[in-house]
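Participant: Chain by chain, the residues run as shown.
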Amino acid sequence: MKADSPLLQITDVNKAFGGLHAVSNINLHLNQGETLGIIGPNGSGKTTLFNLITGLIRADSGEVRVAGEDTNLLHMRPWEVFSIGISRTFQNVRLALGQTVLENVMVGDYRESRTSWWTVLVRPGIVSLRDAKMKDKAMEALRFVAPALANTPHRMTGELSYADRRRIELARAIVGSPRIMLIDEPAAGMNARETDEIGEDIRKIRARGISILVIEHKMKFVASVASRIAVLNFGRKIAEGSYEEIRTNPDVLTSYLGRKGDHLAEVKH
Amino acid sequence: MSVQPVSNPVPPLISRGILVFLAILSAFALFALFLLKAEGWGLLAAAIALIALLALPIARNVMSVVIEFIRTRPILTVISCFVGALLFPFFLANDGYWIHVLSIAMIFSIMAIGLNVHLGEIGLVNLGYAGLFAIGAYTATLFTQAGYSFWLATPLAMTMCWLVGGLLGACSVRTTGDYFALVTLGFGLIVQQLIINLTWLTQGNNGITNIAAVTIFGHSSKSPINLGFMQLAPQVNFYYICLAALTASALLAARYQSVWIGRMWTALRQDSIGVASFGLNVPYFKVQTVAFGSMFAGLAGSLFAHEIGFISPDDFSLLQSIEVLAAVILGGMGNIVGAIIGGILLFVAPEKLRFVGDYRLLIYGGLLVILLIYRPRGLFPDPRRRYEKF
Amino acid sequence: MNALALSAIYALIAIGISLFFGVIGIVNLAHGEIATLGVFVSLAVFQLLLGGGAVDITTVSFSVAAANLAALAAGIAGAAVGGLFFYRLAFYPLRDAPPIIGLLCSVGVGFIIRESILNFYPDGRNPQPFPAIIPPDLIQIGGVIIQYKHIVVIGVAVLTMLLLAYCVERTKFGRAMRSVLNDREVARSLGVSVIAVTVAVFALGSAVAGLAGVMNALYYNIVQSDMGTLLTVKGFTAAVIGGLGNFYGALLGALLVGFIEALTSGFLPSGSAYKDIAVFGVLIAILVVRPNGLIGRPISERV
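These protein sequences, in sequence, are chains W, U and V. Here the first sequence is numbered in this note's numbering, starting from 172 and rising by one per residue. Here the second sequence is numbered in this note's numbering, starting from 3 and rising by one per residue. Here the third sequence is numbered in this note's numbering, starting from 2 and rising by one per residue.
Keep in mind that the hints are not guaranteed to be accurate.
[What the hints assert, rightly or not] Here are some, though not all, of the chain W residues that point toward chain U, as calculated from beta-carbon distances under 10 Å: (1) Pro318; (2) Val346; (3) Ser348.
[Claimed, not checked] Using C-beta positions, here's what the derived DEER-type ranges look like: (4) Arg388/U / Ala363/W: 27 to 35 Å; (5) Asp316/U / Phe260/V: 27 to 35 Å; (6) Ala197/V / Arg379/W: 56 to 64 Å.
Derived from the structure by calculation, the hints contain no laboratory data. We put the CB at the ideal spot given by N, CA and C, even for glycine.
The task is simple: from the sequences and hints, build the whole structure.
Facilitator: Given below as structure tokens:
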């Protein structure tokens with residue numbers, strides 16, 4: 172793992188909506204195997220950054236490169252970004268509520284199950300084979316992230332709790348064996364126990380070799396999963412470093428945490 | 003001491019199955035009788051009585067039992083319906099007119115299946131499906147008039163529609179819901195105008211007449227079928243051709259719905275951003291889907307032209323597009339069987355209610371409005387769609 | 002000159018359509034039918050009051066002339082009332098449904114209006130002559146022949162647009178309308194009654210449609226129950242070119258549509274048959290290439 176050749180390099184990314192600069196000159200990098208936390212107040216551009224990287228929004232300028240790939244991710248469409256090994260979860264859980272748990276996870280690597288339209292008609296055997304393989308992969312991912320859900324893969328997603336849906340999203344994001352995972356506010360709306368569980372899941376994912384970028388508000392949570400943290404405010408990066416460095420950075424304290432940074436002293440790693 | 007029940011020689015499951023089979027067949031027979039005999043105000047009274055009867059709680063209980071049974075035995079139901087459809091010409095007492103009406107109704111249902119792919123599966127409002135229908139009809143006709151066999155002209159017409167559908171699909175990528183509806187509206191109108199104006203190709207408003215009969219193994223579709231003990235009216239030829247086409251269309255659509263393509267259709271409807279973020283090339287998929295759904299119009303168009311023997315621009319107007327749309331909505335979006343039933347009902351009803359005559363379109367408009375306000379999910383809503391907006 | 006007059010009529014329709022889309026948020030495909038409704042109401046009043054009245058308005062007594070104008074006004078009012086009626090019947094129940102349903106519903110409403118006229122108006126099936134109350138004279142300015150009816154149609158359209166522009170920019174109602182157009186939620190929180198604005202705009206849009214229909218009738222002197230569809234599509238083309246919801250864009254779009262029609266009829270051999278195709282083609286082209294219209298901004302979202 173070379174420190175000078177990061178897995179993901181984000182350079183000078185800019186995006187403005189009308190007069191509002193959502194993201195200004197963001198520079199970040201993610202090394203192989205590490206987890207980078209991104210924190211900042213609402214509206215600081217975190218989710219916009221994710222949307223830019225994954226191709227959902229077109230950036231104004233900048234570069235995002237993955238090690239070993241030539242092209243700038245900012246010019247790619249979402250499915251192309253996925254094919255080079257980047258998957259994600261969403262701040263507002265985006266799942267097909269009218270499909271089962273298993274079906275939603277299967278979406279995560281649909282390339283596995285897809286065939287040509289013609290094949291569907293003339294070679295049904297191949298189609299069922301691919302489908303079966305896809306189901307196996309999906310079940311495996313489900314068991315890894317949420318063993319309880321793996322027992323009821325045919326439940327309708329719309330009937331499940333918020334926490335369960337987040338887990339399904341995580342399973343969906345790892346099915347395709349991505350290199351990099353972008354996780355957007357995994358612990359939002361969760362109680363303390365659920366937050367701990369999600370943190371455990373993320374550490375498990377990292378242990379699988381997937382490098383992670385995680386956005387979250389809860390300081391305790393970010394500190395427990397990330398080795399390095401970047402702080403954004405009004406679309407700019409105002410600090411970057413280990414949890415300790417962030418905690419004592421005056422800019423961070425005033426703009427994001429207010430004067431009450433003292434409570435951070437209680438957080439354990 | 004319990005008394006041993008007399009063992010039933012026929013297991014109850016099979017006897018219930020036979021009961022359902024006979025029930026469905028008799029439903030077909032009743033329907034045929036209804037078509038043949040019921041007239042005028044007596045008809046209206048009977049229809050109202052039937053609807054009132056269905057509204058009674060007793061009937062509702064019976065209905066739910068029946069529906070539950072059918073749901074658990076889809077294959078039996080399908081086979082029964084197929085047999086019922088096969089025997090239908092006999093139930094209709096060989097009445098050429100009604101057999102013809104049912105043939106056209108089935109053609110209409112084929113279109114409904116195709117439009118269902120556009121509207122029900124990926125949520126695209128296509129107000130110009132009649133334009134695709136026209137392309138299918140005129141393409142097939144031009145080929146058969148040039149001497150090609152119907153059996154070659156039809157796949158050619160389907161391919162043509164597939165290509166044009168692909169173009170429409172490409173348009174749908176750039177335009178969202180409302181705007182796409184306008185595009186299809188313009189498309190349908192353009193096709194109709196082109197048919198009217200390119201007279202060297204299409205004979206314009208005069209239409210193309212004397213479209214050749216179809217031959218199957220030497221037997222012409224215009225000559226009656228001789229069964230020995232009875233002679234079937236010539237319309238029966240096309241009835242069975244259309245039935246075969248409808249069955250094939252339904253099976254085709256159902257097949258695609260049941261594999262990864264159908265899964266992706268649902269995922270795309272409910273979670274389009276998620277699907278794109280995990281590898282689905284959404285624009286390309288939409289193009290493929292629209293092209294696929296357009297093929298059915300080609301099949302329907304070719305059948306239509308050769309069944310009636312005459313086509314003109316009046317058959318391919320905005321009205322027809324709206325009629326097919328109403329059929330899909332009535333039957334429940336995404337529901338293939340619903341599309342078939344909706345298509346047949348909506349085509350047969352005006353025929354039967356001929357005494358309503360000129361008010362037909364007025365009732366159509368009213369029906370559409372009422373349907374959209376009170377039952378936008380149609381007669382057979384898909385329970386898995388309750389999370390969707392439309 | 003013909004082109005300008007046509008543009009004027011289309012502009013009126015396009016503005017109505019933009020009003021419907023921008024403020025209320027529906028694509029109203031029954032717009033042309035509402036115009037037709039207004040025209041037939043007007044026609045009915047003409048028949049009732051004047052037993053025909055196909056007489057040049059400048060040649061008759063003041064009271065008769067006033068009656069003629071009243072008949073026209075009745076048409077406009079009829080359109081507005083009809084619009085409100087269908088709003089209450091069909092669109093109000095669907096206000097929370099996805100816009101596609103509203104669109105389909107408007108198609109149904111269009112059918113209802115068109116078929117009702119066809120069936121219930123005496124001899125509704127055939128084209129009806131509309132009283133030619135504008136004098137047929139013409140004046141010549143530097144080689145360009147201008148008929149009085151050109152002047153009337155264009156003049157009325159311009160006047161209406163000025164009035165509307167004044168209303169939108171200066172009056173309180175106009176401000177309320179614009180606030181709903183820009184952001185419904187914000188408007189609501191500011192105390193604007195969105196329902197009231199919606200109803201008012203529905204009535205206004207329908208009235209303008211009625212006016213357009215009446216102008217169309219005065220220009221061509223003939224009306225028929227199915228003239229609505231063509232008007233709707235052309236009106237939409239004009240509105241879309243300028244960006245749906247953009248009033249000034251609607252004006253630009255209408256000018257373009259009028260000119261495309263005139264050019265196609267004038268320059269292509271047997272071109273008048275193709276003029277409709279040309280207009281529809283433009284509609285599709287614009288929707289595909291620049292869905293936000295020529296003036297609007299291109300969309301930045303990808304998926």
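Participant: If a hint holds in the structure, say so; if it doesn't, say that too.
Facilitator: Results of checking the hints against the structure:
1. Pro318: Since the shortest Cβ distance to chain U is 22 Å, the answer is violated.
2. Val346: Since the shortest Cβ distance to chain U is 8 Å, the answer is holds.
3. Ser348: Because about 12 Å separates Ser348/W from the closest Cβ in chain U, which is outside the 10 Å limit, the hint is violated.
4. Arg388/U / Ala363/W: 27 to 35 Å: With a Cβ separation near 33 Å, Arg388/U and Ala363/W satisfy 27 to 35 Å, so the hint holds.
5. Asp316/U / Phe260/V: 27 to 35 Å: The hinted range 27 to 35 Å holds for Asp316/U and Phe260/V, with Cβ atoms some 31 Å apart.
6. Ala197/V / Arg379/W: 56 to 64 Å: 59 Å, holds
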